[in-house]
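Residues per chain are reported as follows:
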Amino acid sequence: MTLSYPYVKSTFTQHELGLVTELMERENMTLGFSHSALCTEEIARRLGLTQPPQRVFLTPSCTSALEVAALLSGVGPGDEVILPSYTFSSTATAFALRGATLVFVDSQPGSFNIDPQAVRDAVTPATRVIIAMHYCGVSCDMDSLSAIARDCGAMLIEDAAQAYGATAQGQAVGTRGDVATFSFHHTKNLSCGEGGALVVNNPDLCDRAAILLEKGTNRSQFFQGLVDKYSWVDLGTSGVISEIAAAVLLGQLQRADEINGARIAGWNAYHAAFAPLEADGVIAARPHVPEGCAHNGHIYFILLPDPALRPGVIAELSRRGISAPFHYVPLHDTVAGRRFGRVSGQMVEANRAGSCLLRLPLWPGVADHVPEIVAEVTAAIEITKAVA
Amino acid sequence: MTGTEQALTILLLSRGNIHNSTLLSTLVNEYSVDPKSFVVVLFGGDTKAQKDDLPAGVEEMSWNDALSLDDAAIKAVILQSLYPANARALREFAAQTAVSYAKVGIIITDNEVDLWKSHVDKFGSLDKGHTKTITDDMKHALAKIDNFCCTYNPFGQTLEEILARPLNISDTFPIRKLLPEPTDYAVFTGRVKDEIDYLERLANRRTIMVMSKPLPYERKRVYVRDLLRFCLFGQSRYSVTVLFWERRKPWKTWDKVEYRLIMIFVAWLSPVLRRFGRPDIRIRFLPSLSRHEYMTTLLRCYALIGQRRSGVGAMTEAVRNGGQLVLERGSYNEQLFSESWKTPIVYRNNNIFQELVDTENDEVDFERVMTESRDRFWLFYASIFTVKPSD
Numbered sequence: 001m002t003l004s005y006p007y008v009k010s011t012f013t014q015h016e017l018g019l020v021t022e023l024m025e026r027e028n029m030t031l032g033f034s035h036s037a038l039c040t041e042e043i044a045r046r047l048g049l050t051q052p053p054q055r056v057f058l059t060p061s062c063t064s065a066l067e068v069a070a071l072l073s074g075v076g077p078g079d080e081v082i083l084p085s086y087t088f089s090s091t092a093t094a095f096a097l098r099g100a101t102l103v104f105v106d107s108q109p110g111s112f113n114i115d116p117q118a119v120r121d122a123v124t125p126a127t128r129v130i131i132a133m134h135y136c137g138v139s140c141d142m143d144s145l146s147a148i149a150r151d152c153g154a155m156l157i158e159d160a161a162q163a164y165g166a167t168a169q170g171q172a173v174g175t176r177g178d179v180a181t182f183s184f185h186h187t188k189n190l191s192c193g194e195g196g197a198l199v200v201n202n203p204d205l206c207d208r209a210a211i212l213l214e215k216g217t218n219r220s221q222f223f224q225g226l227v228d229k230y231s232w233v234d235l236g237t238s239g240v241i242s243e244i245a246a247a248v249l250l251g252q253l254q255r256a257d258e259i260n261g262a263r264i265a266g267w268n269a270y271h272a273a274f275a276p277l278e279a280d281g282v283i284a285a286r287p288h289v290p291e292g293c294a295h296n297g298h299i300y301f302i303l304l305p306d307p308a309l310r311p312g313v314i315a316e317l318s319r320r321g322i323s324a325p326f327h328y329v330p331l332h333d334t335v336a337g338r339r340f341g342r343v344s345g346q347m348v349e350a351n352r353a354g355s356c357l358l359r360l361p362l363w364p365g366v367a368d369h370v371p372e373i374v375a376e377v378t379a380a381i382e383i384t385k386a387v388a
Numbered sequence: 001m002t003g004t005e006q007a008l009t010i011l012l013l014s015r016g017n018i019h020n021s022t023l024l025s026t027l028v029n030e031y032s033v034d035p036k037s038f039v040v041v042l043f044g045g046d047t048k049a050q051k052d053d054l055p056a057g058v059e060e061m062s063w064n065d066a067l068s069l070d071d072a073a074i075k076a077v078i079l080q081s082l083y084p085a086n087a088r089a090l091r092e093f094a095a096q097t098a099v100s101y102a103k104v105g106i107i108i109t110d111n112e113v114d115l116w117k118s119h120v121d122k123f124g125s126l127d128k129g130h131t132k133t134i135t136d137d138m139k140h141a142l143a144k145i146d147n148f149c150c151t152y153n154p155f156g157q158t159l160e161e162i163l164a165r166p167l168n169i170s171d172t173f174p175i176r177k178l179l180p181e182p183t184d185y186a187v188f189t190g191r192v193k194d195e196i197d198y199l200e201r202l203a204n205r206r207t208i209m210v211m212s213k214p215l216p217y218e219r220k221r222v223y224v225r226d227l228l229r230f231c232l233f234g235q236s237r238y239s240v241t242v243l244f245w246e247r248r249k250p251w252k253t254w255d256k257v258e259y260r261l262i263m264i265f266v267a268w269l270s271p272v273l274r275r276f277g278r279p280d281i282r283i284r285f286l287p288s289l290s291r292h293e294y295m296t297t298l299l300r301c302y303a304l305i306g307q308r309r310s311g312v313g314a315m316t317e318a319v320r321n322g323g324q325l326v327l328e329r330g331s332y333n334e335q336l337f338s339e340s341w342k343t344p345i346v347y348r349n350n351n352i353f354q355e356l357v358d359t360e361n362d363e364v365d366f367e368r369v370m371t372e373s374r375d376r377f378w379l380f381y382a383s384i385f386t387v388k389p390s391d
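Chains A and B are the protein sequences, given in the same order.
When the first sequence is numbered by the working numbering, its final residue is 388 and no position is left out of the sequence of numbers.
When the second sequence is numbered by the working numbering, its final residue is 391 and no position is left out of the sequence of numbers.
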């Protein structure tokens with residue numbers, strides 16, 4: 001019997017469909033930007049952004065939000081940006097586009113979030129930006145990173161692509177850095193197909209962010225009645241999201257607790273089921289969530305005891321209809337990473353995650369199937385060992 | 001206890017014991033014991049550091065709460081084997097609750113009876129002599145307990161001999177699976193076994209495990225010598241992989257020398273002799289294995305050469321999954337498998353490796369063994385557990 005457990009499953013319901021239908025039945029679907037405005041209100045409410053200078057901007061993707069964050073940071077040739085090696089290329093390429101030098105550092109064991117000690121060791125007089133990427137929706141050690149950024153005068157940017165709904169010490173992830181970016185890509189907990197958000201926590205950056213996202217014009221001020229016409233005033237990009245995508249996203253944001261709650265149930269079921277297997281040494285490790293952090297159930301991963309097993313395990317599971325992909329190739333070990341960046345310190349954990357990490361299917365409702373998936377994963381590991 | 005409360009059946013288990021999960025899973029999933037019909041009381045260990053995962057529906061009662069019960073509130077107390085720690089716990093429990101020892105039963109695991117018999121053989125009776133493995137608490141318990149869950153042959157009759165009194169013997173004990181999680185077990189005995197069988201067929205290989213765990217050399221000397229003869233003079237259309245366990249404890253010097261010489265001889269000479277029509281023999285030494293690795297390794301084995309006593313769980317699993325079991329005549333394990341369970345056994349006549357590559361597997365109707373075991377178990381426990389015979 002072949003199973004059917006994809007890595008991600010759509011969570012769209014009639015609710016999102018209803019919002020899109022309602023929008024499309026209007027004569028002018030861009031008029032008033034009602035859905036995107038509701039989305040930004042909902043995100044601001046969720047993050048607890050009650051101070052007006054703090055602003056949420058919807059963007060076509062998290063990548064575009066990061067590119068705007070890079071523009072806001074003002075980095076250029078000769079400046080250094082410290083970031084984890086174990087992250088997606090978008091985190092890096094936004095800053096490489098500005099000509100900055102990327103400085104890759106290692107991750108912490110267990111969470112694979114950026115290691116603050118490695119960041120501190122990597123700081124130089126040229127450091128302008130530190131990027132905290134909250135892997136798997138688990139918060140980085142923001143207290144330590146904030147202190148380092150403050151000490152060296154760098155801008156702290158949160159790449160919270162995976163972390164919508166996560167908190168640390170009761171505070172929403174995405175509210176500690178100067179700016180933060182979120183993703184609503186198809187693979188994320190909440191999705192509008194492709195979309196993102198830029199959250200500007202530093203009030204000094206808000207006005208410029210609005211200009212950059214409006215193709216470099218002061219169109220935003222024009223709509224607020226602050227200027228009598230708008231014109232090109234700065235660099236910029238088309239950083240706005242379509243209303244159709246916003247309608248879908250609104251539906252998802254309104255169901256965030258339901259979706260995240262069901263994912264966390266699946267995450268917890270995996271974590272309990274893999275505990276004896278970790279103790280037995282069948283797997284090398286389960287994820288670690290630091291004290292005080294509440295994740296959003298974005299990813300459940302395991303570490304295999306031997307990198308050589310991973311291709312076989314993935315293939316075995318695929319044959320059984322279970323999609324269990326690996327994740328990032330550490331950026332320091334990529335063609336572009338070597339071209340645009342340099343390494344600071346050892347890359348023990350990044351390399352370990354890069355070679356041994358396996359992600360498991362996680363979607364609302366997966367909790368009921370966890371015993372079967374875990375049994376199949378265990379079987380795949382043992383079969384792969386036997387073949388080897 | 002009020003008149004409306006039901007008396008409790010208590011499973012008194014050592015906290016953190018790796019065999020707890022297999023016992024509880026077997027009772028609930030294989031023997032249809034209603035998980036609500038008993039409570040688990042864990043003794044010893046660090047309650048914060050150690051976590052015992054209980055099957056769904058099984059409740060745990062704290063040690064202190066259990067001590068506050070009285071005889072009327074207790075229907076039965078069940079122990080898994082008897083060893084110094086649980087004998088001490090039982091004595092304390094009985095002293096506090098005044099529970100009658102007539103309500104106490106022991107599920108025999110496998111080799112403890114032989115240990116007690118050796119003590120009697122050495123000192124004349126259980127009461128006499130003192131060793132670390134047979135404490136006063138154990139002697140106290142064995143003098144009072146009459147209920148034993150084990151097969152009559154070989155364990156029950158030996159127990160009656162050494163305790164010198166008639167006992168209430170179930171003539172079965174819970175036959176466990178190596179993997180307590182039912183889904184795990186189904187996947188391993190289904191898909192993993194299919195794939196392993198396929199790989200073995202593809203490699204035209206027969207894998208033979210010598211003993212189910214690391215044991216002294218003298219126990220396997222005869223088989224090691226058989227292997228040497230098989231290497232020098234044998235004939236086989238299969239390649240043969242022989243699995244030995246890495247020896248962890250120190251052993252006698254000459255044993256070590258002989259063992260190593262033979263192994264080196266076989267490992268180095270086999271590829272040469274293969275050119276002259278001798279069998280293709282490979283030797284692997286097994287390290288300590290996780291439960292799942294062990295299961296996979298067993299599934300791979302065409303045959304398991306078992307020891308005289310202990311290792312019943314592994315041997316059962318091998319037989320249940322179609323493996324050949326090789327046992328010495330008259331040994332505890334031979335009596336258990338051959339006489340009590342009537343499963344086919346392979347005996348060593350000339351050269352066991354030659355025999356194993358020349359013969360085909362006997363079909364084992366293990367479901368018959370399980371059915372008989374369940375029937376006997378239900379009879380024995382009818383007054384203790386709430387059983388669902390219709391399942």
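Treat the hints as calculated values from the structure; they're not laboratory data.
Given the structure is predicted, the values throughout are model-derived calculations rather than measurements.
For each residue, glycine too, the CB sits at the ideal point set by N, CA and C.
Hints may contain errors.
[What the hints assert, rightly or not] List of simulated lysine-lysine pairs, DSS-like, C-alpha gap at most 27 angstroms:
1. B:K193 / A:K385
2. B:K103 / B:K139
3. B:K122 / B:K132
4. B:K122 / B:K75
5. B:K122 / B:K103
6. A:K385 / B:K213
[To be verified] A partial selection of chain A residues facing chain B, derived with a Cβ cut-off under 10 angstroms:
7. R150
8. G153
9. E316
[Claimed, not checked] Derived DEER-like restraints, expressed as beta-carbon distance ranges:
10. A:V348 / B:A267: 48 to 56 angstroms
11. A:A279 / B:D375: 47 to 55 angstroms
12. B:K213 / A:A279: 15 to 23 angstroms
13. B:R205 / A:N268: 37 to 45 angstroms
14. B:F285 / A:A279: 17 to 25 angstroms
15. B:A267 / A:A279: 29 to 37 angstroms
16. B:Q6 / A:Q171: 29 to 37 angstroms
**Violations among the numbered hints** = Going through the list in order, the structure violates hints 4, 5, 7, 8, 10, 11, 16 and respects the others.
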